[in-house]
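Enquirer: Sequence:
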Amino acid sequence: MKKSELFTTSQGIATFVINRPEKRNAIDYDVMNELQQAVDYVKHDQLVKAFVITGAGSDAFCSGGDLSVFHELKTSKEASQMLTKMGKILYEILTLPKPTVALLNGTSVGGGCELAIACDFRISATHSEMGFIQGNLGITTGWGGGTILLEKLRYQEAMEMIYSAQLYGVERAKQIGFLSYVTSFKELTMRCEEWLAPITHKPTQVLQAYKEIAIEKWEQSRVWNRMEQEIHRCSILWESPEHEEAVQKVIVKKT
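Per UniProt numbering, residue 1 is the first one in the sequence shown, and the count goes up by one each step.
Please keep in mind that the hints were generated in silico from the structure rather than gathered at the bench. Treat the hints loosely; a few may be bogus.
In silico DMTMM-like links for lysine to aspartate or glutamate, alpha-carbon gap of 20 Å or less [unchecked claim]: (1) 253 / 59; (2) 88 / 28; (3) 249 / 239.
My request is simple: use the sequences and hints to build the entire structure.
Expert: The structure is reproduced here in structure tokens:
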């Protein structure tokens, strides 16, 4: 049974929905594979003009990696394989030659924020909260999202967000540039389509040409190489006692 949905509107907006509300739309290997397939489809289908990623329900956009699955990874090497797999997907989303939107239908934490920042834009429901909370789990951003965050936000705002590992409300997140637009949950999908309309009305080749300006910048500044180093640092911290203890506390709390 699939853990996601993918559909495309007549306006050429492809939407990928993580459909695991009972797990707060956490990402496991199945979701990774399905997201990779969706990215491949969007990249090569000429009728798709924009790509939206969202979550099912109203509680969570994405709660990051599924700890009930990934807590079985004990060594740096084991963790590195998983982290690199998702890191490559995030880089493909970052460099997708089409506009991308993270539609935050609910709270976005940890790897969920890494997924969101890989998109060009973030549109959020008013009740959402978001935060790079990895520091509270004894690790760093592990999918390369810290590198991407530093590319997109001012240095001070980006560093405070990852250092503090705190949750941000929509007002603060919009103030620092993390969010592009905020609306009610009830109108979220409609407002996203309205917000995208001036963009999707442009010729596909124009949108692609503009995106390639950004992609060239990221290639010249070696973003993927820096993401790999970030992933490596996280994999080392993964086998630390601090991380193991923090994960066990979370698992016990959920049971």
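Enquirer: Work down the list of hints and note, for each, if the structure agrees.
Expert: Okay, the hints, checked on the actual structure:
Annotation: proposed proximity of residue 253 to residue 59 holds, straight-line Cα distance about 18 Å (limit 20 Å). Only pairs whose Cα atoms come within 20 Å are accepted, and residue 88 paired with residue 28 is accepted, the gap being roughly 15 Å. At roughly 16 Å between alpha-carbon atoms, residue 249 and residue 239 fall within 20 Å of each other, so this suggested pair holds.
Going down the numbered hints, you'll see the structure goes against none, and every one checks out.
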